[in-house]
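S.K.: Using the hints, position chain B against chain A.
Protein chains in written order, with my numbering: chain A, 830 to 1031; chain B, -13 to 222.
Because the hints were derived from the structure by calculation, they are not lab data. Accuracy of the hints is not assured; some may be wrong.
Stated by the list, open to error - Derived list of chain A stretches under chain B, where covered just means 3 residues or more per stretch with a C-beta under 8 Å from a C-beta of chain B: (1) 940 to 952; (2) 977 to 983; (3) 1015 to 1025.
Don't be surprised by glycine CBs; every beta carbon is placed ideally from N, CA and C.
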Amino acid sequence: MVSSKTLFVTCGATVPFPQLVESLITLEFINCLILNGFNNLIVQFGKGYNDQFTKLLKNLGNVSFDQKLNSLDLNDIQCFANFKDNNSNKTLNIYGFDFLSDIQSVIKQNADLVISHAGTGSILDSLRLNKPLIVCVNTNLMDNHQQQIADKFASMNYVFSTKPTVDSLMNSLNASQSHTLDEFPSAHNTPFENFLIDVSLR
Amino acid sequence: MAVAYIASLFLVVVAFFIVRLVTILPIFRTYEKQSHVRQTQALLNKYKNFGGQLHVFVFLGSGGHTGELLIILKNYKNILLSSGNTIHVGYSDVDSYNKFKELAKSYDCKVKYYRFVKAREVGASKLTSIKSILMTLIKSFGYVFEIRQAMKNTPHLVLFNGPGTCCILALWFKLLELIFPFSSSSNIVYIESLARINSLSLTGKVLYWIADEFIVQWEELKEKLGDRVKYFGILV
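Just chain A, with the same shape it has in the complex (with noise of 0.2 Å):
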């Protein structure tokens, strides 16, 4: 089998992110993906979205639906799309979920690089297996503290702090391939440990 190189998006499970994957599923993005090797995109695109991600698929051009060229062994695929484009001959696979319910095994298994919205849940997920990640901030939300957490994140050099448009997408890709993060830190932590049995036995 070809090598094969991923990357995973998500838009996490509580509030939708249809400006990420408007973005993402663009001739422009997926053509940046494809010249810098990628072969296979997943993306969690949040429940009732399906219909609205098969149009933007179907908007490509250039794509067929054929489940037989699906090489990924993943399980509740919702929908599948091989695009091809047609200057280089090369394909990229696209696999489209809903909701995921163990996201952090798909991670681990197939993603080189994961596109995620700034919930601290989904950066941590990315994060504690080591995965180098872009995070993007819904501007969209009730207050900023995930524009927050991106920057801060992004300032320690743990992550790539990004905006949903196909520009901002585009540099963070090109970014991601070029210059290395650091490790995040192990949580664990003896003080907080013993603070726990402390309190505990009150």
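M.R.: Then chain B, alone, in the frame of chain A:
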């Protein structure tokens, strides 16, 4: 004469409960500067005597809140998930329930589940919020009572990370602590979400006054809030 007796008795009772309130609410406590220099071994020995009798109540809020608490449970599995412990799991969405179930497979703990109605949906209107908050109030009281009964006379911890439902639960814990004057402390540990760097979440702002221990994960917040809060670095 009888009136005077009743009145003075009443005053004594009132005074008693005021004193009780002052002793159980953290806002009236003074907090020492955080010192980590505790006798680790002595503490561990003391803990071992209770071996596997720890009762832990976690409320899995959803999404990121659930994620953070599950990581904490895993990171401190030696203490929190040691065999024979009882874990009381409060949840309001099926996803959190499934995730915990998956995690629990690897450990030999007794698990009890409590399904809660969500106190406030992200982006819900005020009226819907009020209605669901009332529902949560009523249902959760029974659960908290049950959990406190189970935690009697045994080491116990209540771990919260958000969201809003935790405020209601903490309130019930503290109310029961007030009503039953000789009962043990609730041992509520609130861990503010990693997402909060410069300011507290709404839940954090409320629990700042109620939780027995208040943990933040960023130094910026610790500096802002002072000795009331503790900081151990990133925990998740």
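S.K.: Verify this for me: three or more residues of the region 977 to 983 of chain A with a beta carbon less than 8 Å from a beta carbon of chain B.
M.R.: holds (count 3)
S.K.: Are 3 or more residues of the region 1015 to 1025 of chain A near chain B, judged by a Cβ distance of less than 8 Å?
M.R.: holds (count 10)
S.K.: Counting residues of the region 940 to 952 of chain A that have a beta-carbon nearer than 8 Å to any beta-carbon of chain B, does the count reach 3?
M.R.: holds (count 4)
Violated hints: none; the structure is consistent with every hint.
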